[in-house]
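Enquirer: We have chain H already, so just place chain V on it with the hints.
Number of protein chains: 2
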Amino acid sequence: MVDIQRSPLAPCKFPFVPQISGLNLTTAAADIWYPNRDDLLLAEFELGASVAGVFTRSGTVAAPVVWSREVTDNGYARALLVNSGNANAFTGAQGMYDVRVCATAVSDLCGCKQSEVLIASTGVIGERLPVERITRALGTEDRLGEVSTFQSASWQEAALAIATTDTYPKGSVAETQIDGTPIKIAGIAKGSGMIAPNMATMLAFVFTDAKIGSGILKSLLRAGVSRSFNCITVDSDTSTNDTLLLVANGQAGNRPPDSPRDKSLRLFRRSLDKVLTDLAIQVVRDGEGARKLMTIQVGGASSPSAAHKAAMAIANSPLVKTAIAGEDANWGRVIMAVGKSGVRLDQRKLSVMIGGVEIAKNGEKVLYYDDSMLIEHLQGPEIFIEVNLGIGRGKAKVWTCDLTHDYIRINAEYRT
Amino acid sequence: MVDIQRSPLAPCKFPFVPQISGLNLTTAAADIWYPNRDDLLLAEFELGASVAGVFTRSGTVAAPVVWSREVTDNGYARALLVNSGNANAFTGAQGMYDVRVCATAVSDLCGCKQSEVLIASTGVIGERLPVERITRALGTEDRLGEVSTFQSASWQEAALAIATTDTYPKGSVAETQIDGTPIKIAGIAKGSGMIAPNMATMLAFVFTDAKIGSGILKSLLRAGVSRSFNCITVDSDTSTNDTLLLVANGQAGNRPPDSPRDKSLRLFRRSLDKVLTDLAIQVVRDGEGARKLMTIQVGGASSPSAAHKAAMAIANSPLVKTAIAGEDANWGRVIMAVGKSGVRLDQRKLSVMIGGVEIAKNGEKVLYYDDSMLIEHLQGPEIFIEVNLGIGRGKAKVWTCDLTHDYIRINAEYRT
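Heads up: the protein sequence lines correspond to chains H and V, in order.
Residue numbering for the first sequence follows this note's numbering, beginning at 1 and increasing consecutively.
Residue numbering for the second sequence follows this note's numbering, beginning at 1 and increasing consecutively.
Chain H with its partners taken away, still in its complex shape (with noise of 0.2 Å):
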């Protein structure tokens, strides 16, 4: 982890992950950015496994972006080579033939296709990816015999060797079935600036042996990033690498669903969505400064995706993020960002409720309410705020943190 001194909100304990068999983890200490600490984590697929990936909507996209996508497309890899400290983004042609060299060494080691090799990157923008310390960490750099440096590594540790400023490593575990065959669901995560819809993780890699074509698995991925990584900001600013990669090995032996609405996937898809919704959390509790948690669900919208512009209108208000890091029950604040957000009000019908309590009912502020069971929950870790547009039945929930000093002092001093 960074050296930065923070008080995060409770970190999440790591949880116990089961062996996944057929996929191994690795990582080493290339020196990339930070020093004496694993910066690169491969994960080999064995037997091979499908893929799908959901990516950054940004427009700056960096290199191992581009280079992924492909690969997810295609629906099959072998391996996927992660490293921290440096996001080869903004590097031109440069850092394109730098993924590919990347690729080609784990090509190597594994013996399996350039084109079968996932990459992802997170760390400084628009720095030179230092690949002859990458390919030298994996012991192909001139193939005159050197030896990789990987060594096997727990799950903890893999999640260690993505994170950036991150104060705790993130993961998450499920079990489950499909048609009565148990699978594993197991997944990692890192933060912790640079967090906003559009694919707001940074990066998350989810790893199952369920036995599942590549298409099906999309179309779970897709589903389950709307109701979990899209739903979290941190800070509104969408990161130019952010990757969450969902791998399925197939070595768990079940019958292969038909589609995506297969009957046999209800539990698959309930776990997958947990593992999914739990990693983001994670991510915003863990956000840069944040010391509150805050969950903010809007219901009586014109439509669920008018309910989530809301939502994150008052995710991504500075001024209400202020307002509960001092906690301050400044529910006028919460008023302004659904008002600007844009979706269709009548503020005659609005109400707002803070940790259960009514403030605001149609369109004004509640006469009496219980101001010391109000206060109380503000001095809490974790925020609940409710608005109800009462005009028609779309909802939704998203999550974020609150905006300290610590945000400011940590991104005034880490060079992105």
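Hints are computed from structural coordinates only; laboratory data are not their basis.
Any given hint might turn out to be false.
In this list, chains with the same sequence are indistinguishable; a pair is considered to hold if it fits within one copy or across any two.
Stated by the list, open to error - Below 20 Å or equal to it, Euclidean Cα-Cα: the simulated SDA-like pairs (lysine to any residue) are:
id : residue 1 : residue 2
1  : Lys-349   : Gln-94
2  : Lys-309   : Ala-252
3  : Lys-211   : Gly-253
4  : Lys-349   : Gly-92
5  : Lys-309   : Arg-57
6  : Lys-397   : Gln-114
7  : Lys-361   : Tyr-97
8  : Lys-309   : Gly-342
9  : Lys-349   : Arg-128
Expert: For chain V alone, coordinates are given in the frame of chain H:
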């Protein structure tokens, strides 16, 4: 001014404003929120005036905005009453009633119709406007011979009366001509949080002695706003009360123009734009916690609106703003912000200059640039960021300020 310790960017000196005949400014202290200071401004247009207004596009507009929108639709007014300390926003039917009470009191005092009284409010959201204190100050509460406590005020005193968290009064003045007749333009404004596009001002009032019909006034104002107040942002939050009014009382006696494109308006238009831009930049300079004024210019975009969108994405990015607060040449965050803006891009053609130093060109970091010049620029109080998208001829310029610890402190402490 509020008792919040701040070290703002060097405050702008309040200009000398010449007398505008037929316009009376008076202020009073009604103890609305801040004790021991004037919090009411009454501007009386003795012989009536053409008026035009631009207002917040918030879906939760305050009652005075609803009221003044109607008055400006009529195009004629005799007076303007402004209070600070209470926004009269999200106050339901009571709020509309309270505006009417204020308008009635002013109409009694000035001997005009209610519908000729403009009203503007700024301050806390969701609290009832203390109308009794306002009508008492106007000396019209029970019509039993009470005396108005309003006293003749200078322009600077008027600007102080409408302020909330501003650290200095804001004014601007220009002398120009229409068809050879000398014309005066004078304006005051207040910020300084909740400043974002869609009419970013909070409150600004511009007065002129020119004779211009309200239809023409409207189109001059709308054009001017698109190059001034709609090009500033402090924190991306749009207020419920933003109001910009342009009042022309015709006392200069010029030949009235026939249309907004009348050649006689060439100099007037330029001077009006100058006053609007000057006031808008003063609002940003005094943004909450601001220590640096940032000017962001985007060129080479596919259209002027794409350029504006990209510039605003940079101006609203918390990561860009904290980097500038930290005097860090973190151009990667500028690239990120342009990327997330959603405008048409070809990153291979993108270039970035900070303080005139080209740092990135054609999609890559420039190999050698003058770091010392860059550092010197970043340590100064005014920061220039220029981005060229390299794909078209659209350009735009916007202004913002850095995001500092003081923004957090002010907004975690001040109840809006």
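Enquirer: Against each hint, give a clear statement of whether it holds in the structure.
Expert: Going down the list of hints, with the structure as the test:
In this homomeric assembly, Lys-349 and Gln-94 come within 20 Å of each other (Cα to Cα) only across copies, at 15 Å, whereas the closest approach inside a single copy is 56 Å. For the homomeric pair Lys-309 and Ala-252, neither the shortest alpha-carbon distance inside one copy (39 Å) nor that between copies (49 Å) is at most 20 Å. Taking the shortest Cα distances, Lys-211 and Gly-253 sit within 20 Å of each other inside one copy (6 Å), while across copies they are farther apart (84 Å). Proximity of Lys-349 to Gly-92 under the C-alpha cut-off of 20 Å is restricted to the inter-copy arrangement: shortest distance 10 Å between copies versus 52 Å within a copy.
With identical chains, the CA atoms of Lys-309 and Arg-57 are at most 20 Å apart both within one copy (17 Å) and between copies (16 Å). Taking identical chains as interchangeable, the C-alpha atoms of Lys-397 and Gln-114 are never at most 20 Å apart, the minima being 40 Å within one chain and 45 Å between chains. Only between protomers do Lys-361 and Tyr-97 lie at most 20 Å apart by alpha-carbon distance; the minimum there is 18 Å, versus 58 Å within a single protomer. When the C-alpha separation of Lys-309 and Gly-342 is checked against a cutoff of 20 Å, the pair qualifies both within a copy, at 8 Å, and between copies, at 16 Å.
In the homo-oligomer, the alpha carbons of Lys-349 and Arg-128 lie at most 20 Å apart only across protomers (18 Å), although the nearest pairing inside one protomer, at 54 Å, exceeds that limit.
The structure fails to meet hints 2 and 6 from the earlier list, while all remaining hints are met.
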